[in-house]
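Residue numbers (this note's numbering), protein chains in the order written: chain A, 1 to 350; chain B, 1 to 350.
Since the hints were derived computationally from the structure, they do not count as laboratory data. Keep in mind that a hint or two might mislead.
Copies of the same chain look alike in the list, so a pair counts if it works inside one copy or between any two.
What the hints assert, rightly or not - Straight line, CA to CA, 25 Å or less: simulated SDA-like cross-link-like pairs of lysine to any residue:
#	residue 1	residue 2
1	124	3
2	321	57
3	255	46
4	196	3
5	313	50
6	161	72
7	8	142
8	38	348
9	38	49
10	255	67
11	276	72
12	38	53
13	123	3
14	8	231
15	321	232
16	38	261
17	321	235
2 protein chains.
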Amino acid sequence: MREDNFRKLDPYVPGIQPAFADMIKLNTNESPYPPSPKVIEASERFNAADLRLYPSVDVGPIRDALAEYHGFDRSCVFVGVGSDDVLATIFQACFNSGRPVMFPEITYSFYEVWARLYNISVKKIPLRPDFTINADDYCGVENGGVVIANPNAPTSIAMEKGDIEMIIRSNPENVVVIDEAYIDFGGESVLDCVPKYDNLIVVRTFSKSRSLAGARIGYCVANPELINVIETVRNSINSYTNNRPAIEMGVASVKDEEYFRAMLAKVIATRERLAKELRALGFTVLPSSANFVFATPPAPLTAAEVYDRLAEKHIFVRHFKIPGIDNYLRITVGTDDQVDTMLAEVKKLI
Amino acid sequence: MREDNFRKLDPYVPGIQPAFADMIKLNTNESPYPPSPKVIEASERFNAADLRLYPSVDVGPIRDALAEYHGFDRSCVFVGVGSDDVLATIFQACFNSGRPVMFPEITYSFYEVWARLYNISVKKIPLRPDFTINADDYCGVENGGVVIANPNAPTSIAMEKGDIEMIIRSNPENVVVIDEAYIDFGGESVLDCVPKYDNLIVVRTFSKSRSLAGARIGYCVANPELINVIETVRNSINSYTNNRPAIEMGVASVKDEEYFRAMLAKVIATRERLAKELRALGFTVLPSSANFVFATPPAPLTAAEVYDRLAEKHIFVRHFKIPGIDNYLRITVGTDDQVDTMLAEVKKLI
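Okay, chain A solo, but in the shape it has when bound (with noise of 0.2 Å):
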């Protein structure tokens, strides 16, 4: 066959997923805890017999419910097979002006292969030497949209408010695109600006701290005129994407604030005591707002080294050999028992 048929790619590596009885899972920044007993009713409620007909055309019932639970008219709303979905999405839609689109040097590595897969132009801005990012790069420069992680990811750190919205202010001619997957966990959200700026989408997840990555659920919130163009890819690709399952389980936990703050509690609270732990054993650990660290271990033990007798006990974080991070583990919040056996594992190596 002719090679020039075939696009060739280097795809997003996914953190791998082992499956060992006795391992403990802190590499790819799921939820310790199972979703809400309204997720698991819904589950049980569930009419199989119905999977014989196509699900909603536009993910109507999970649409509904969040644009009640933010507030939002529904025409706002855009929703995915997780947010990983609505981003490549709004990559396709959104970003066609041959301009660059700018985002972090560090930051979640999958908006560079989205950007790589639409031929996109790229303008990748180094973070400051202590890993926040500086919003003033962001301003006064031609580009053709921006996208900012909030809290950023992998390293953990969120953004002030106010200098989010500088670069939303100073890009009006372009699209500024926050993804706040981990922000219930910490920072502050931007959800509340989009009545302000035609030119802001906020990205979210079910993944995280809904504790649905398993249902694939993501969804996006910004004026109806971005919604639609989003909208009219989408149904250029694929009419129906949420399957059935997704949407009943998606618009149970979105009906359940108790106990999702009850869990977003837990996990934070967990994070915190991990972080000061870890400080106590010499790691610098970064200031964290997700459900996640982002540290270091004190020299001359590596993240490498680290790394590996973890996953020796069937222990799994995750470790990127990526320049300027290599020596830095992710470590994702799982229950307290889980964090005590990583770090007794830890204290081992000191």
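Given chain A, work out where chain B should sit, using these hints.
Just chain B, lined up with the frame of chain A:
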């Protein structure tokens, strides 16, 4: 905002999804029968607590089940969120040469939407006056790929296997996609030709013959090199697509061959009766190998009139306002009762 940021597209328009309690829905080629009792059991057994974890990154369990079912290695199978997702990914992965992709002028209208989305030039080949595909039209012509739906939609007509093989053999340098969404209802599959031709991709769906439209599962079978190209593009968009419920229910469906065969037999028997009765009323009905019939009413009655009258009675069929087929209706094969109710209304118009 600058308008050049945004993609402007004419998306695919799916059949309307009306929601009347008393409706008879014969407009989107869903099965009138529920999925296998094994799927219902899998749903009841589903452990929603596991939703906190990402699903299998390569949709492993369905892949394995399908590989075993069809007698291929798992490296020959790719699974997506419905066959639309699979086909969209194939268009993006395999049709990048700049040469036009060929498909019939009257076929699944999403093919042209994907081509436009991915900037693929298109060469549409007219059908014969009897709505059949002339295989010779696809042989010995410079192109960048071929897509054939077999049976074709919305005509319902299947091609001879020998003709399809001729097209595959005549285009050794390019990918030939055979979209077998409806093959279980008639026609002869070319799945067994996959080991013979390295340029063949056979696409299937769980939405029609497996009564799982609401679960969103589609797949394709091809040689491992082609699957790898498709998978690389998919992994550049979204690492986790089919969710946990879809994977468990999909596997359960594949494991119940007896129920699958029994439901196919029922649909086929009803289809034959439906076609016969429509012909008795003076309709011209194309020879169907699918779970729908494509039929035109006796003059002076028009398809639009029949459509409107049925819709008034909350009986929904599909009417494409496309030149050449705008006096035809695509009628999904329902239960015997649904078909009788529909026929009774049609009789009143004759």
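Going back to the hint list, which numbers does this structure go against?
Checked against the structure, the hints that fail are numbers 8, 11, while the rest are satisfied.
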